[in-house]
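Novice: Could you use the hints to bring the two separately framed chains together as a complex?
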Amino acid sequence: MTMPYYASAEQVMRDRSEYARKGISRGRSVAVVTYSDGVLFIAENPSSTLHKVGELYDRIGFAAVGRYSEFESLRVAGVRLADVRGYSYNRRDVTGRVIANAYAQTLGAIFTEQMKPYEVELCVAEVGETPEHDQLYRLTFDGSVVDEPDFVVMGGQAEAVSGHLREHFLPGMGLAEALRVGVRALSAVSPATAANGGGHDQLPAEQLEVAVLDRRRPKRAFRRVVGVALRSLLGDESAAAAEDEPAAEAAHVHAPSTPAPGTPPGLGDPGAVDTAGGTEHAAGQPAVTDGAGGETDGKGDTTSVTEDR
Amino acid sequence: MTDQSAGRSGFPPAYLDRVGSSFTDFLGITAPDLLPGRRPLPAMPLGEVGPHATTIVAVTYGDGVLMGGDRRATMGNLISSRDIEKVYAADSWSVIGIAGAAGIAIEMVRLYQVELEHYEKIEGMTMSLDGKANRLAAMIRGNLGAAMQGLAVVPLFAGYDLDAAEGTSPGRVFSYDVTGGNYEENGYTAVGSGSLFAKSSLKKTWRPGLSADAATRTVVESLYDAADDDSATGGPDMVRKLYPIVYRVDAEGAVRLSDDQVSSVAATIVAERTAADGQG
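Heads up: the sequence lines are chains A and B, in that order. Position 249 of the first sequence, counted from 1, bears residue number 249 in my numbering, the numbering being contiguous throughout. Take the position in the second sequence, starting the count at 1, then add 1000; the result is the number in my numbering.
Simulated from the structure, these hints should not be mistaken for laboratory data. What you were told as hints is all true, and nothing was included just to trick you.
Cross-link-like lysine to any residue pairs, in silico, SDA-like; alpha carbons within 25 angstroms at most:
{"hint": "1", "chain 1": "A", "residue 1": "K219", "chain 2": "A", "residue 2": "Q135"}
{"hint": "2", "chain 1": "A", "residue 1": "K219", "chain 2": "B", "residue 2": "M1125"}
{"hint": "3", "chain 1": "A", "residue 1": "K219", "chain 2": "B", "residue 2": "D1259"}
{"hint": "4", "chain 1": "A", "residue 1": "K219", "chain 2": "B", "residue 2": "Q1113"}
{"hint": "5", "chain 1": "A", "residue 1": "K116", "chain 2": "B", "residue 2": "A1014"}
{"hint": "6", "chain 1": "A", "residue 1": "K219", "chain 2": "B", "residue 2": "E1085"}
{"hint": "7", "chain 1": "B", "residue 1": "K1204", "chain 2": "B", "residue 2": "A1271"}
{"hint": "8", "chain 1": "A", "residue 1": "K219", "chain 2": "A", "residue 2": "T95"}
{"hint": "9", "chain 1": "A", "residue 1": "K219", "chain 2": "B", "residue 2": "V1114"}
{"hint": "10", "chain 1": "A", "residue 1": "K116", "chain 2": "B", "residue 2": "P1013"}
{"hint": "11", "chain 1": "A", "residue 1": "K219", "chain 2": "B", "residue 2": "D1083"}
{"hint": "12", "chain 1": "A", "residue 1": "K219", "chain 2": "B", "residue 2": "R1256"}
{"hint": "13", "chain 1": "A", "residue 1": "K219", "chain 2": "A", "residue 2": "R85"}
{"hint": "14", "chain 1": "A", "residue 1": "K219", "chain 2": "B", "residue 2": "R1110"}
{"hint": "15", "chain 1": "B", "residue 1": "K1199", "chain 2": "B", "residue 2": "R1217"}
Extracted from the complex, chain B is given alone in its bound form (with noise of 0.2 angstroms):
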């Protein structure tokens, strides 16, 4: 019974052996031809063979956490999509940005969001937010060939943590390098081609506890900044109504802001850009 899928046998024997709740280990066992990672590359560099996603940014505030994503993915010189979505719901709990390879990183983020409800179902619990941030991790490196080839995926992580102590904020943020280093941030962080300006950004309007909106503001903010000044990130289309993608993780779990919320926001900060008579 080498079958992998069920078949008239029923259940592989993998299936039933009780060794574990990660659904990427059980995948190398029965069938490490989908995962990411496991695939062999050409021996030489790349180049540009897919569009590459570009800025996320994330802030803590108050009450939780905020991550908010361009709509930009860029081949080479040329815009490759106007309404990509970047940022997406890992868990209830917790929110995935990605910059990079955009086909890889999408596979990676499908992968990890059945990763984390798959420990969930057969625990009956949620993972910790420090496990999350880990399990990624180990996802990060073991694409590191891929990377070395030029199909790096750098993600951003940020998360409500159940667990977290009194009087510390709930809401945190971890970064990632090529190589699987996981970085826990304190109150910001970017990644992304136009991370260099959103952090700069951020660094100018960003403060410990925030209300949800002032902190939704930044991270809006930080975006167009980014646009404003790398190629490779878009600023909010007014025309065709695209605007950043913003999730916030609080209490009550994680939320995608509406288009509306988002469109107001944008819309203030390009009046008072606007206002600034061209020196915005």
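Bound-form chain A, shown alone (with noise of 0.2 angstroms):
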């Protein structure tokens, strides 16, 4: 392509951050959060179908903001990266490094070659066997990759929300504690939030999308929590915040002993067989909404819709 006048190097690189920055700003924010079993996603997001969050493989997770059909491919190239090598290698053969290494190769790649960079900002997490081995890194749309501490925010106005967390967390927080610190700093922004002219006095279950990388479940950590399990992690902390903590444990390890058919447990007991896969609708929704909803389909087509913004 041939540009009509000259424009500097410096120029162009300036105005695609600049593009590529406004993008990102635009969207609602997600915080990764470290907490004592593992690694705590907290996106605020209207739809339960159009994740943020996702599962790349038994011990990794993903995290994104910015433009849905961008992450998403991302997304996806990561699962096929993960499943690719842990399949011709040896499952333990893949860590967060080398996906976090792929995704700033071709997030620079794009960067520098494409007219339009990637309107992205990703974060993949690893939990370790204990908290010092948990990473994450922090991937921007320039293919930049940094090693963050406890938690890394992303998305919206990204800097409010890290101040937020940055005087109210706490290494080797319990779940529900972490969950409660990361929705403050989230609420503290949101445009839903009373605070911010919405209606609600910090976010509700419904505008929130949360899952964990929990160290204690023996193959695959990631798990969504949703439906009840997330109510009532949320519930503890309006009506009792003071209440124990171990309430608020039992409330998210309880599985129950009989489910209906077809209800795979929220979370489970992280001690008992694998059974949650990846039958992520939850334990409070009715198994019919996925089934019928041809949500496949839907997926498909809506790869254009753009972030909400």
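Specialist: Here's what the structure looks like:
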């Protein structure tokens, strides 16, 4: 392609950065927070099917902000890389670093070689045997990769949310407390809350997409926290913030002993067999919502939909 | 950028194409050499080049489905393994058992497990049970060339149908032939060299709507009967403490029964047969 006028490389890169940054900051924020048993993903996301958070591999999760079609294709590429590598080598040979590197290279190449950079920011999180081995990689639109401690906030008013988290985050928090801190930080800047002209005191369960990488689970650590499990975790918070921690913990590890057929346990007992697989549609939702709705087709069509702005 | 792995320039273009959610299809594009059934075969029959896995049985019961397999692999007239495992959880809600050329079969199971998990991750939902059965049929069909050379693999597939209609049994069993034919079985079935005897046994012991414990007994007993009459099927090995592998799939997912559970069932059966004065 020929440029009609001369533009310095510096100017071109600056324009692209600004373009990408603007796109990303128009969306809503995602927070990825470490807690005592793993990594917690909290996204402000009113859609229950267009996910911003996903599973890449046994111990590795993915979170993204920006343009849906772009980060969705990156997520799929990450799943493919992980599965091909795990299949041709061994499951233990798939690491967050490998996937983060591939993302960095790809984003970097797109940023320098294409007219329009990807308007996305990603986080690849990996949960280890102990909290010291947890990794959070933040990847920006230009392919830079940063290994962050404690937490990562991306998209929307990321600075404000980060500031809020920096004040309230404590290493080794339990799940309920980490969720409480994270949701409060997101609520502080969300247009859906009363402080910013919305109708809620803080973000309700329907506006949130929450998932965990739980190191206590035997194989696949990734679980969505949805429906009843999520509401009870959030509810404990507003009703009795001072209530003792075990109550909230019990609510999330409780697996009904005889679930109705077709109801995968929400988080389940981490010691139990790995039954919740990818049937992430939650404990609280009837099974018909996923089967009959033709979600698969819908998903394919919506890749052109841009992020909620 | 024809490099097939994530190299210096990140993901190869095929990784970023939104083409589908099948892992097998994706490997077919990016790394076909990793797929069983895509390799050149010598033009003559291979004969006994690798171990063969033998009898697998599956039965439905009131709340789900059970699958069991003996522990023997043979090579010609030799026992090549006493403790091979031939029944696996395919995903959280289904199990797969294999008879035939063990090397190819185990590779196929591994591929199949990744196939189901890959779909689950990309689509965000589990494949339907019929979809899973069809994917497996396609994989067997791809192996037809090798099967003609003597490396046949015949699986048995069973799962818990999350979309089962009210009043029907949620446990379902599917059997296959070497050409990829896929048949849903009513109640129970078996594959492998001892399947004739195992099925005869199940014909007399299996009834619709059994409890989990009673159905477990029919599975272990049918494997005992198969081992009794088929030299390639291993019976419960009290000396080495090797017992059949039995998986149960019910509303709580696929679970492998512990050795203690299976051994106590096997011990009961052996005791009853012993008590029959050598006529058991």
